[in-house]
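Participant: The chain contents come next:
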Amino acid sequence: MSDENAAAVLSEEDLDLEALYRDSNVRDALEALDRELVGLVPVKTRVREIAALLLVEKLRRRVGLEAEAPPLHMSFTGNPGTGKTTVAQRMAGILHGLGYVRKGHLVAVTRDDLVGQYIGHTAPKTKEVLKRAMGGVLFIDEAYYLYRPENERDYGQEAIEILLQVMENQRDDLVVIFAGYKDRMDRFFGSNPGMASRVAHHIDFPDYSEEELFAIAELLLEQMQYRLSEPAAQTLREYIGLRKAQPHFANARSIRNALDRARLRQANRLFERRDRGALSRSMLATIEPEDIRASRVFGAAEETS
Amino acid sequence: MRLTQGTFSFLPDLTDDQIRAQIEYCLEQGWAVSVEYTDDPHPRNTYWEMYGHPMFDLRDAAGALEEVDACRKTFPNHYVKVNAFDATLGWEALRLSFIVNRPPEEPGFALDRAEREGRRLAYTTRPAAAGRERS
Chain A
1 MSDENAAAVL
11 SEEDLDLEAL
21 YRDSNVRDAL
31 EALDRELVGL
41 VPVKTRVREI
51 AALLLVEKLR
61 RRVGLEAEAP
71 PLHMSFTGNP
81 GTGKTTVAQR
91 MAGILHGLGY
101 VRKGHLVAVT
111 RDDLVGQYIG
121 HTAPKTKEVL
131 KRAMGGVLFI
141 DEAYYLYRPE
151 NERDYGQEAI
161 EILLQVMENQ
171 RDDLVVIFAG
181 YKDRMDRFFG
191 SNPGMASRVA
201 HHIDFPDYSE
211 EELFAIAELL
221 LEQMQYRLSE
231 PAAQTLREYI
241 GLRKAQPHFA
251 NARSIRNALD
261 RARLRQANRL
271 FERRDRGALS
281 RSMLATIEPE
291 DIRASRVFGA
301 AEETS
Chain B
1001 MRLTQGTFSF
1011 LPDLTDDQIR
1021 AQIEYCLEQG
1031 WAVSVEYTDD
1041 PHPRNTYWEM
1051 YGHPMFDLRD
1061 AAGALEEVDA
1071 CRKTFPNHYV
1081 KVNAFDATLG
1091 WEALRLSFIV
1101 NRPPEEPGFA
1111 LDRAEREGRR
1121 LAYTTRPAAA
1131 GRERS
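These protein sequence lines are chains A and B, in that order. Heads up, the first sequence is in the working numbering, so the first residue is 1 and it goes up one at a time. Heads up, the second sequence is in the working numbering, so the first residue is 1001 and it goes up one at a time.
Keep in mind that the hints were calculated from the coordinates and are not lab data. Predicted model only: the values in this text are computed from it and were never measured. Be aware that a few hints might be false.
Unchecked claim - Once the Cα atoms are required to be at most 25 angstroms apart in a straight line, the calculated PhoX-like pairs of lysine-lysine come out as: (1) B:Lys1073 <-> A:Lys58; (2) A:Lys103 <-> A:Lys58; (3) A:Lys44 <-> A:Lys58; (4) A:Lys44 <-> A:Lys244; (5) A:Lys182 <-> B:Lys1073.
Said to hold, decoys possible - Residues from chain B that face chain A, not an exhaustive set, calculated with beta carbons under 10 angstroms: (6) Leu1014; (7) Thr1015; (8) Asp1016; (9) Met1055; (10) Phe1056; (11) Arg1059; (12) Ala1061; (13) Ala1062; (14) Glu1067; (15) Glu1092; (16) Leu1096; (17) Pro1104; (18) Gly1108.
What the hints assert, rightly or not - Going by beta-carbon spacing under 7 angstroms, a handful of chain A positions derived as facing chain B: (19) His105; (20) Met134; (21) Arg171; (22) Asp173.
Think of the CB as a built atom: it goes at the ideal place given N, C-alpha and C, for glycine as much as any other residue.
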C-alpha cells in the first residue's frame, strides 16, 4: 500500500528515462563504446539492451514495481583479438555507471589463478580471486580450460563449483564474464549445464572485415599520434588483405602488432638519414609505404605467387 | 564484564552495515583488512589467531565481510576482531582494529593471587574465558 502512495507523489520528472540516462554516466560510456570500438554491431546492440534493461529496472523500482536485479553473468565468445577484454572493461564501467556493481573494476584471470596444484589448494585460491573481484567484474579468459574432462581428478571442477555458488548467491556482489573461442566455449557449457543456465548473456564477437580492420588501424594511429601518407594507406590495405589470409591471424591484435613494427621501421628509417638534415614534425608523424612494405607478410605473398 | 579493547569498543556492538562501512573506509585508505579471533582477550595478548590470510588487493567490503561472517560462524563463542594494516612506508602498522564478535556471555577476568618468597604477594589477571575453553 505504502508503495503505491509513494508512487503517487512521484512527479513526471522522476519518471523521465531521458533524464535518468543523461544523469548516469552511462551515456558517456556507451558513446565511447560506439566511437572507440569499430564494428562489433551485435555486441554493441546487446550492451545497449542490457543498459536499457537496467535503466528501466531503476525506474520500476522508483514506482514500486517488482524489480529484481537481473542476472548479468555473460559469456563472450570469439576469435582472438576481437575485443573481448576491451568490451569487458567497458562493460565494467557501464555496469558501475548504472549502479549494478559497486566499484566497477575488472579482475582478469585465467585457469592458473583459480585452480590449485594440490588437494585443498583450489578452494582458497578461487575464493581469494572472488574476494578481489567483489564489487566489480571477474573476467575469466579461456574459461574452458577450467574443465578438463580427460582427467576426472582435475581440480578445475572444484573451482567451477565454487564459482557457481557465488554466481548464484552473490549476484549483487559481482558479475562473471567467461571468454574464449566459440566452439570450445560451447563444449564447455555443454558439459557444465549448471554453468550454462546461470549465464544469461551469450555474446558472440564476429571477426572484423578488412574495412573495419583498416578503420581500427586508423584509430590506433590517431591515438598514437601518427598518420599514414596516402600511398601508405594503400599499402596498409594491401597488407591487411594478405595478413588476413595467413595463419595465426588475431584480428585487431595483429593489426596493432603490425603498426608497432611499422613504427619501429619508421624510426629506423629516420635514424638512417640523420646526416641528411633536420627532421620536420610531419616526418616524425608520418608512416610511409616502405615502413609497411618491409613486412615479411609481403615476402611470403611473393614466394607463394 | 564487557571487554573494551580496540576502536568503538565503548559503543554498542556494530551492526553488519556499520562493519561494512568501516571496512569500506579502510579499503578506501588502501589498508589491508584481516580477521582474527581468540578465546584469550587479555590486554597483553597481542597475538590473536589469524582467520585466513590478510586480504590485500580488495576493492569492495563484501569479500572481507564474508570472512567475518565465516569466522563468526566457526567461533561463535570467541572474540573476533577486524584489523586494518597500513603498508605505507613509515607506517607499516595497524591503523584500525575493532571487535566484531563477542561471546554471548563475557566472563571477564579473574584476579589471581600468588604467594612469593617472604610474605610477598603477586597479583595477575587471567581471562576467565580462556581457562574454561581450553580445559
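Participant: Of the hints stated earlier, which fail here?
Facilitator: The structure conflicts with hints 1, 5, 6, 7, 8, 15, 16, 17, 18 and 21, although it agrees with all the remaining ones.
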